[in-house]
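J.: Each chain is listed here by its residues.
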Amino acid sequence: MRFLFPAGAWGFAALLVITALYLLRRRSESFTVPSLLLWQRAMAEQQAMKPFQKLKKNILFFIQMALALLLALALMRPAVSGGVRGETVLIFDLSASMQARENGLSRLELAQRRADALVDGMREGDRVTVLAAGDRVEIKLSRSGDLSRVRSAIDGLQAGNGGADMDGAVSLAQAMARDIEGLNIVAFSDTYAASDIQAVRTGTPADNRALLSLSVGADGQAFVRVANYGRDAAVTLECSADGELCDMAVLELAEGETGSALLRVPADSETVRVNIAETDALAADNTRWYAARQASVYRAALCGDNVFLEKAVSLRDDIMLLRTTAREAAELENIDLYIFDGELPQALPEHGALICLAPDSAVLDIAPGNAAEYGGNPRADTADLARRLTQNLLLEDIAIRRYTPLLGGQAVLRLGDEVLLSVAEEDGRKAAVLGFDLHDSNLPMKGDFPVLVQNLLSWLLPDSRQAIQDGTCGQMIAIPADSRAVRTDVVLPSGKTLAAEQTLEDTADQGIYTLRYTYDGQPDRLSRFAMHMENAESDVRSVGPSSGAVALGGTANAGRELTPWALLACLALLLLEWEVSRRVA
Amino acid sequence: MLSEGFLRRLDALRLTLRAPAQGGAGGLRRSKALGTSVEFSDFREYAPGDDPRRLDWNAYARFDRLFLKLFMEEQETQVNILLDASTSMAERGKWEMAQGLAQLFGYLALRGGDRVTLYALGGDGRYTPSLSGRADYMRAVRFLEDIRPAGELRLCRDVQRLPVKAGRGITLLITDLMSPDGHEKALQSLQYRKQEVTLLHVLSPWEMEPELEGMVRLIDSETGENRELLISGDLMKAYHAALEGLLKGAETFCHDREMGYIRLLSDMDIEVEALRALSRVGIVG
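Which chain is which? The protein sequence lines are A and B, in order. For the first sequence, counting from 1, position 555 maps to 555 in the numbering used here; every step adds exactly one. For the second sequence, counting from 1, position 180 maps to 180 in the numbering used here; every step adds exactly one.
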């Protein structure tokens, strides 16, 4: 037995009040009689007839005392301990579907209530670990015996817009169970079910409509796909471009049907937003965003007169090629890529990516070795980056008359044990170094050459239109590096600005993210992308079954509060008191 | 004090109790003692000291011996009025009724030539000297008016201590019988002293039907003792049973021992209802 509100013990003061009232009431009703003789005989006779007559005399007092006692107990919120004991891991599904609401409460809030009831039933000495299973598993509280902290940790949980790594969370809990004997694992989820842990189902099946995708073409038409996870319904779509409502449509969708609609948007719209006007179980998937990509133009300085190289680079229409010499190149400003064919300037430029062909000195940490004669056909290195950069290369019948093996960097092409092509990255600055002169090889004559150049360019200067794809919330986003940018930051949908590192992990919010590169003396370069709720979470029609001991006992097993029973007993005593006073009167 | 008009009505009545006169001064009651009345009884020889006026000279002439002519002498009777003057009698008009009864009996007895002694039971146990003649009626009244009910009644103890002489007489006991030591021994004690005893049991209507409810604290007017009671239907039944036991017990006891018993309520009009009740049971007539 525990008391959830011990301060309610002040209610016992009512016992003193009742006693005082009885004492005062007795004083006020005194009668002087000629003699007590007859009354004494009457009492003696009555007591002889009924042994409990003395008790009956004060029965009202006893009933009222019992009533006050029960009320005070009810105030203290008595609860019998039940449910889990000892050490427990509570796992919460924080996927987007846990935002689905029914009767004003989300599935997560229902889960929090049930978990609170479970914690209420725990005793001193019990310990609880709280695991939040979002896109990643997070330990919110580790083996805490402070039940108030446990409740705070539970109540502070919020469902995300992504999925839930329930398997990961359960695996972590089961790993703990190997070290902790008798560890209870209780998972609160709307879909997750497992036979080897206690799973508590929250929520009931609900109807929902969701926007699955949104794309905007150059012709000024937005294409949107809508799914109906529920009964037949008419779905009203509202389309806004740059904050202004521009079109709307109504789709009649049968149960389980997926439909699409074309909406007109202004051709030069930067952001488009489509939302479902009707209210349904899950609001998070009723809005979809689109951000138009702005192509950036890279400036590349080609030092030398290699036509093959010029043609291969020119295949990228977002690269403006400038032909120059190595000496002049160092004086150019705002160059994104320097291509040095043989000769290097005395000092390498401070910014910009580098492609160096047969350099006579070190580039970043790649240094030329001793010159060597041809011995065989080059092959691609097996590292991931090397695979990416040699993608679609045949590497057949390539002849190299003379070369300089490279030392340092990441090998891309090898000749035996020696490196012919190496890449390096240092402080966001990338460089690719070829260990031979193109004039000493038949490579430029091969189809592999433009492919290799494009592969290198896609790594050195990623296509700004495809820099960051739209993704799902919770997904980690790789931020493309720009060596010329003095600062790179990301503006979240909430308006909060974060300094961007190599990756962006804070993608919990839905909406449009803006990647901003800030240059010294040049306008900022903006790149937008949208993050959306995980589509798989939109179907909230099915709810997994509960399983395990908690499921069998339901909340009753999760420590039961006795306050309602105490209040019921109070009511019964009140009726008894009324009846007794009526009879006495 | 009884009104003049009522006293005049009483002149037509007398105590009809059957106690024989016991000698002493002449009264209106026929005595077993031989006296000077006209009703002849017997002769006896003269003895020195006899009243020479009672000598039968005709007998002396015929027998030459002195004979006294003996008659049934009409003598006075001793009437003792025992009045319960304890605190319990002060409640709810009982004392006024008891006072009125004592005056009534005193008047009837004195007017009938009897000797009357009034005793106050309880309190300081006062009593009057032997009163006789109508002139002493006012003394009796003053005595009664001077009494203030007080103290606790112990009927047996108080009656046994009374200076009532053993000898034939009438004793009227006016009380509510609220005595912890009972009344039987007291009444027997009076009977042993050759008293023709009549018990006048005075109660108040409230005692017959107490108006109480809920939780009460009852305080004994004589002892100050108190009891907390929850007045319930069962308790009231038990009270009435106890009261009935007292009333029936006293009446049966008196009847079995040829004592007079009459129950009077304190709210009765003494000149009408009480007098009628006394007549009905043959105490006055």
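If you are wondering where the hints come from, they were derived from the structure by calculation, not from laboratory data. Be aware that one or more of the hints could be misleading.
[Unchecked claim] To spell it out: a stretch of chain B is covered by chain A in this simulated footprint if at least three of its residues, at any positions, have a beta carbon under 8 Å from a beta carbon of chain A; those stretches are:
hint, region
1, 3-15
2, 49-60
3, 137-146
4, 213-219
[To be verified] Pair ranges (Cβ atoms, derived):
hint, chain 1, residue 1, chain 2, residue 2, range
5, A, Ala44, B, Arg263, 51 to 59 Å
6, B, Lys248, A, Thr32, 20 to 28 Å
7, B, Glu244, A, Thr32, 46 to 54 Å
8, B, Glu244, A, Trp578, 44 to 52 Å
9, A, Pro564, B, Lys248, 53 to 61 Å
10, B, Gly249, A, Ala9, 38 to 46 Å
11, B, Arg126, A, Trp578, 24 to 32 Å
12, A, Thr32, B, Glu145, 49 to 57 Å
13, A, Thr32, B, Glu251, 55 to 63 Å
14, A, Ala44, B, Glu251, 37 to 45 Å
15, B, Pro205, A, Ala9, 21 to 29 Å
Even glycine gets a Cβ: it sits at the ideal position worked out from N, Cα and C.
J.: Any hints this thing doesn't respect? Which numbers, in order?
T.: Violated: hints 1, 2, 3, 5, 7, 8, 10, 11, 12, 13, 14 and 15.
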